[in-house]
Structures are given as structure tokens and as C-alpha cells.
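*Asks:* Next come the chains, spelled out residue by residue.
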Amino acid sequence: MTEKDHKSNLYSSISLGQLTELRKAITGLDSEDLQRLSRLIQDPELFSIEISQLLPLSIKKMFERGEVDEEQLRKFVEQVLHQSVKSDPGVMATILFPIMMPAIRKAVAEDIKRMVESLNTTLEYGFSPKRIGWRMQALFSGRKYAEIVLSNAYVFKVSQVFLIHRTTGLLLNQVQETEIKDARNADMVSSMMSAIKDFVQDSFQRDAEENLDSIKVGNFNIWIEQGPYAIIAAIVEGNVPGSLRLILKEAIEAIHVNFSYELEHFQGDTEPFVLKDRFLRTCLLNEKKEIKRKKPVIIFILVALLLGVLGFWTYTRVETKLRFNRMLDELEATKGVVVTGTEKKDGVYSITGLYDPLVSNLNNVVKLHGFDLHDVKLNLEPMISLDYDLVLLRARRVLMPPETIDLSLKRDTLIAEGAADNEWLERATSLVLHLPGIYFFDIAKVNEEKMQQTPARQLVEKRILAIENYYFVFRINEVKLDSLQKIDFDILINEAKSVLNFRFDQDSVPVIEVYSHTSRNGHIDANKNAARLRAEKFVDLMLQSGLPIETLVPKVIFVEDEKVPFPVRSVSFKVKYVNPAAL
Amino acid sequence: MIKKKVCMLGAFAVGKTSLVQRFVNSIFSGKYQTTIGVKIDQKMVSLGETEVNLLLWDIHGEDDFQKVKATYVMGASGYFIVMDGTRNETYQVGLELEKLAKNAAPQAKCVILINKSDLIRDWEITPGQIEKLISDGFKVIQTSAKDNLAVETAFTELTRMMIK
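Sequence order for the protein chains is E and Y.
This note's numbering runs 27 ahead of the 1-based position in the first sequence.
This note's numbering runs 17 ahead of the 1-based position in the second sequence.
Read the hints as simulated data drawn from the structure, not as lab findings.
Each residue gets a CB set at the ideal place from its N, CA and C atoms; glycine is no exception.
Certain hints may be false.
Said to hold, decoys possible - With a cut-off of at most 25 Å between alpha-carbon atoms, the simulated DSS-like pairs for lysine-lysine come out as follows:
#1 K243/E to K56/Y
#2 K603/E to K489/E
#3 K86/Y to K243/E
#4 K372/E to K348/E
#5 K56/Y to K84/Y
#6 K113/E to K102/E
As the list claims (entries may be wrong) - Beta-carbon label-pair distances, calculated as ranges:
#7 F231/E to N120/Y: 18 to 28 Å
#8 N120/Y to S58/E: 51 to 61 Å
#9 K184/E to D135/Y: 44 to 54 Å
#10 L136/Y to D229/E: 31 to 41 Å
#11 K184/E to N120/Y: 37 to 47 Å
#12 P123/Y to F231/E: 26 to 36 Å
#13 L73/E to N120/Y: 34 to 44 Å
#14 I137/Y to N285/E: 50 to 60 Å
#15 V301/E to P123/Y: 24 to 34 Å
#16 N285/E to P123/Y: 25 to 35 Å
#17 V107/E to D80/Y: 52 to 62 Å
Claimed, not checked - From the derived model, a few chain E residues whose C-beta atoms are all more than 10 Å from chain Y:
#18 E59
#19 I86
#20 F90
#21 E98
#22 A130
#23 A134
#24 R141
#25 D240
#26 R308
#27 V345
#28 T367
#29 W451
#30 P463
#31 D517
#32 P575
Based on the provided sequences and hints, a complete structural model is requested.
*Replies:* Here it is, written out as C-alpha cells:
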């Protein structure tokens, strides 16, 4: 019997039930399980469905046990992808198209935008000496010109950076240059920015891929960089380079990589984000250092210049004022000058007052004190000064005495001494009357040895005779000169002035007695009274013509008492020399 | 620190801004000032050991000219639907806004405030309508920003629901 026959005999001797029990005892599986396994083996589709349910769990377990790591998996995936692209690139392009195109479009747009911003900034400094300096710096340092421009041209500051949860608008974290004073306000700012972003997105965006990337508020620019779960908002001031955008982008990417779980499952707890703020701090850029270094020097120079100018201005003001006061003192001390006021307008001093033209050139006084005549205006009105020196000077100028004559002044009397001819004496006697401040002309010491026969004395005596020959007849109770009498009266007055200004000696002065003639016919007292009034009225006329009152003496005389009588109601004159004390 | 976004929703002039002002600044002004867009305010609420910073989005009232944008509600952890007890039409507007909010922020907690309880004699919203809200599962609180009735309670209650 062969072995085959032996087995066949054995199987036939064991029933089917016994076989089933035996199979279950050996494998632990019943017939249903075995049938299911058989179906799986025979049907690949069914088998792959079964495997697919186990595979993820299996891979997970493998990762947990360290049997497979990311590196091994990455290599495998890369190989597969590489093979796929190599065999048919079109398949992969089709798969990636919906993702790649928006990404490429966005990246290109970002790059163009950054380039334009960079170009704008560079052009702004393009034609300045600075740019030439940068070129030289790049040449000698071996650095790229763009780097040099970047490090010099942009002066900007990122003062604050917010990290905002995209969906809720809640502030996750914030960093700023200085210490945070009130972080709670930042929460409100964050929410408001989020609201603005939502509003803009809702109201103006045409494409879902377009995002609000900046907000301008006054001098501040808020640059926004958005990620899937969070937003970075940077408050920037100044001329910001386009490269900041890249830095913000990198920061938001890093935050998403490091906080992906926290961001996705954010429930309002900001603690994890606050503890790790290094990603935000990288955005706090500041390129103002060079300017800061330079500023104090410029300010120092400006302040020094300002102080210098201020000091110089003050010094010149004070010095000019002191000089002007000195000049004013000198002017006021000058005889024949009266200062009534000073004024300064538009930088020009103006002095008002009076001056005697005999005073020597006043402009010299101004120049001697270092003033230009444009700086000091003398608005002085002319006057006649009765100062002793000026009265004497005026007398010398007007009378022009010969060298042999010495003139001096004693109170109101001009005294002439020495020798002079008759012509000068005659002229001087007539002119001296017109000189202010001189009331008497003493010529007693002129040609003293021939005094008795001097032509001057003879002239005066002749005039006295002439005066004494004049008489004026008036109507009853009336003293009024007719036209002919007026001519005589004027001559009389001139003669009288000449005579009254002439003294024969120091002890006597001339006076004119004005006689009013009347008669004893009728009522004597009434006649006498009328005559007295006539005499007084005539004296008034003489006073009005400039004769001094102390030299005129009104008197009444009756024609009956006269040897050679004047007509009744007439007025005549007599010159007498009397002691001044008797006046 | 826990931060929560809370939205105030309701028809125009129901008292959303007044409730926020009463809660945040303890003041009430009878003068009506319409809200344009959104006004943000905040208030710290303490529940036991937990401090919650509520960021209150006071959103403009809904009327025929201004519809509330769903994006304003997105991300909110809670919202109030404010109704004016003296104006029955605000009841319906409130319910519509509740639907909008539910869509925009499905996880957010909701409290319905029937405001102006100081004028309860003039109320048009009936007890039956309020009962209906309660039976629909809403938390309903009657408030008065003017008399400071149940304002604090309302905000505390919503906070409690949000951090549960």
C-alpha cells in the first residue's frame, strides 16, 4: 500500500464534522472566517479595501515605534513624484494647476510691487551726492550697491506689531519699541483693524484672493500680512522699503509653522503666543541710527550759531544805544541847541528840537559819534538864541567891525572899544537895533580922545534936533494919524530908535518926553485932561512901533507958558539924558 | 488671559450701544446715536479664578438700509440678540439675525435680551412670544440699560456660557 492510499483510507474514515473541529483546533478559525479570507485572497479589489482601512493605522504605529521616519517617507514620496514627472509631466501639472496659478500670480504681483517701491525709493535719492557716495562705498567695500542703498536710503521705523487671530479678530500678541503701557487698548485696536479688514473685504474686494494689505491713518501706515489663521499688522512710519513685506511674510509663515495647532484650535487663550514673541520682534525694524548720530551735531551747530547771532545782535544794539546817548548829551550841551524829543523808527533815530543857525555844523557831531546821516535824522527848526556867546557872535557877523574895534557884551549892552571910521559907526548904530538881545550900544570908548567931536555924537545930536522939530496936530479928542502924518511918524520912530540906542556915557540914558500942547482958554482942567489923554495915546502909538516904554514920558504943557508956542492940540518931543536910576 | 469676541446684534434703536455703555462705562444717555459700522469696546469679566477679556463688537442696527454683514459675526464666541420690548417688529428682526449669526458662527453662544424693561407697561412683545423663545432653547433675559436692570447679569451669563 502506497502512502497515498493510506491517506485516502484515513480521510474516508474521518467524518466532515470531525474535520471541521480539527481545522478549528489547529487554526483557531471557523469555516466562515476561512471563507472570508479565501474571498479576500481571490478578490484583489476587496483585499485592497480591507488593507486601506488598516494602512493609516499601521503607518501611524510604525511612526510611533520609530520603524519609519519622515525622512524615509519624504525620500519615497520624492522618488515617486520625480518618477511621475519624468514619465509624464502633464499629469502633475494638471494636478497642481489650481493651486499653483494663484500662488504664482500672487508671488509675481508681490515681486513687481516690491520692485516698484524699491525703484521709487532709489530714484528719490538717485541724483543726489549721497548716491555717488554710495557707489564709491559699494566699489571699495565689495558689497552690492543695492545693499548699500538699502542700508542708507531707507529711514523708517516699525513702531508696533500686532498678531491678530484672523477669524475672531482677537489680539494674540503685540510687541512695540517701548514698554506696553496699556495692552487692553491694543485689544480694541486689533478688533477694530479686523472690523475694517472685514468691511473692506466685504465691500470692495472683487476676488477672494485679494486681501487688504495696508491701511493709511495720518502719518501712520499699517501694513497687513495675512496667513490662513492669523494676521500680522505692523505700524510703520517713514520711507519703508519693500523688503519689509518679505520680513512680515516670513514672520507670519514662521508663526503658522510653530503655532499651527494653537491657531487652528484657538479658543481665546493668548498665553502661548505671548510667551514666544521672537517672531514678532524680528519685524520691529528701525533704520534711524545714522540720523540719530548726526542730529545732536547739527543741533549743536545751529544752537551755537543762533546764540552767536543773538549775542552779536544784542551787543550791537546796546553799543549803538550807548553811543547815541553820548551824542545826545553832547548835542544838548551845545549852546544854541535845544532837544525836545527823540524817536526810533525802522532803525533810524530821529532827533527833534531847535537850533541857532550860528551853531557850527551839527552833522559833524553825528559823524564824530560814528553815525551815518541815514541812521540819525536831525529834525531841528531854526531859532534865535539869546545865549551870550551867540548874541556876541551874531553882532560881530552883522556889524563886521574893523580889526581895530573890539566888541564885548555886558548884559543887554553891546560895548565897542577902539578906533573906527564914521561910516562904520553910522552903519553899526543903525544895524545894532535889529540884533536880538542887544538893547543898548555903548560907543563911548570908540575914538575916545576925539569923543567930543566924533561924527557919531554929531549925528545923534542932529537926530535929536530933528526929533524935537517934529510935531503932530490932531482934532479935538482924537489921536489919529493921517497919511502924511504916518510918513512923518515912521521917520520919527526910526530917528528915535537911533537916538535911544546911543549913549554918550555910562551914567545917563536917553528918554523922549512927549508933550501934548493945550491952552488955558475954556475950562482949564478939561483941557488939561484932554491933553493928557492925547499924550498917552501918542505914547501908545510909539510903543506899538517898538520903542521901549521906559524911554517915553508923556507930559502936558500950556501954549501960554511956551516961548515959542506949538499949535494947540499938537504933540511934540524933547530928548533928554537922565540917570537910569531915575527911570 | 482668555479673550472672547462678543457681538451685539439687533434691529436699530433697540439699545445695543446703551447696553454696552452701561456695562463698560456704567453710564446711560437718553440721546439716540445711531451706530455706523462697528464700534469696539472691551470689558474684563471675572468668573471665579478666570479673567475673561470681552471684546464687544457693537454692530450697527439692522434696518431696510443697513444689513448686518456676516463677516462681522465670524469668529465670535458669543452674541446677544437684542430686542426692544416696546417694538414688536424687533422680535422678528432679532430672530432673523440669530439665524445669520448661527450660520456665521455655529459654535457661538447666544443670549436674547428683551431691553427697555423700565417701560414694561408699554411692551408689545408678549409673554407668549418670550415663552416661545425659551421653549426654543434660548436663554432670555429682560434688561434695562436706563435703570441698569440685569445688564451685568446678562454679560456675566453669556461669559459663563462661553467658557463652559
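*Asks:* Decide, holds or violated, for the assertion that all CB atoms of chain Y are farther than 10 Å from the CB of A134/E.
*Replies:* holds, 26 Å
*Asks:* Run the C-beta distances from D517/E to all of chain Y and say if the shortest one exceeds 10 Å.
*Replies:* Per Cβ check, D517/E is outside 10 Å of chain Y; nearest 102 Å; holds.
*Asks:* Taking the shortest Cβ-to-Cβ distance between P463/E and chain Y, state whether it exceeds 10 Å.
*Replies:* Its Cβ never comes within 10 Å of chain Y, the nearest being 90 Å, so this holds.
*Asks:* Going straight from one Cα to the other, do K603/E and K489/E come out at no more than 25 Å?
*Replies:* holds, 14 Å
*Asks:* At the C-beta level, are I137/Y and N285/E separated by a distance inside 50 to 60 Å?
*Replies:* Holds, since I137/Y and N285/E (Cβ atoms, about 54 Å apart) stay within the stated range.
*Asks:* Compare the distance between the alpha carbons of K372/E and K348/E with 25 Å, and conclude whether the hinted pair is satisfied.
*Replies:* The hint holds at about 14 Å.
*Asks:* Is the Cβ of E98/E farther than 10 Å from every Cβ of chain Y?
*Replies:* Given a closest Cβ separation of 38 Å, the condition holds.
*Asks:* Measuring from beta carbon to beta carbon, are P123/Y and F231/E in 26 to 36 Å?
*Replies:* For F231/E against P123/Y, whose Cβ atoms are near 27 Å apart, the range 26 to 36 Å holds.
*Asks:* Report holds if the minimum CB distance from R308/E to chain Y is greater than 10 Å, and violated otherwise.
*Replies:* The assertion about R308/E holds, with a minimum of 20 Å to chain Y.
*Asks:* Could you check the hint for me, namely that L73/E and N120/Y are 34 to 44 Å apart, CB to CB?
*Replies:* holds, 42 Å
*Asks:* Kindly confirm whether 18 to 28 Å is satisfied by the beta carbon distance between F231/E and N120/Y.
*Replies:* holds, 23 Å
*Asks:* Please test the hint of 37 to 47 Å on the beta carbon pair from K184/E and N120/Y.
*Replies:* holds, 43 Å
The structure shown violates none of the earlier numbered hints.
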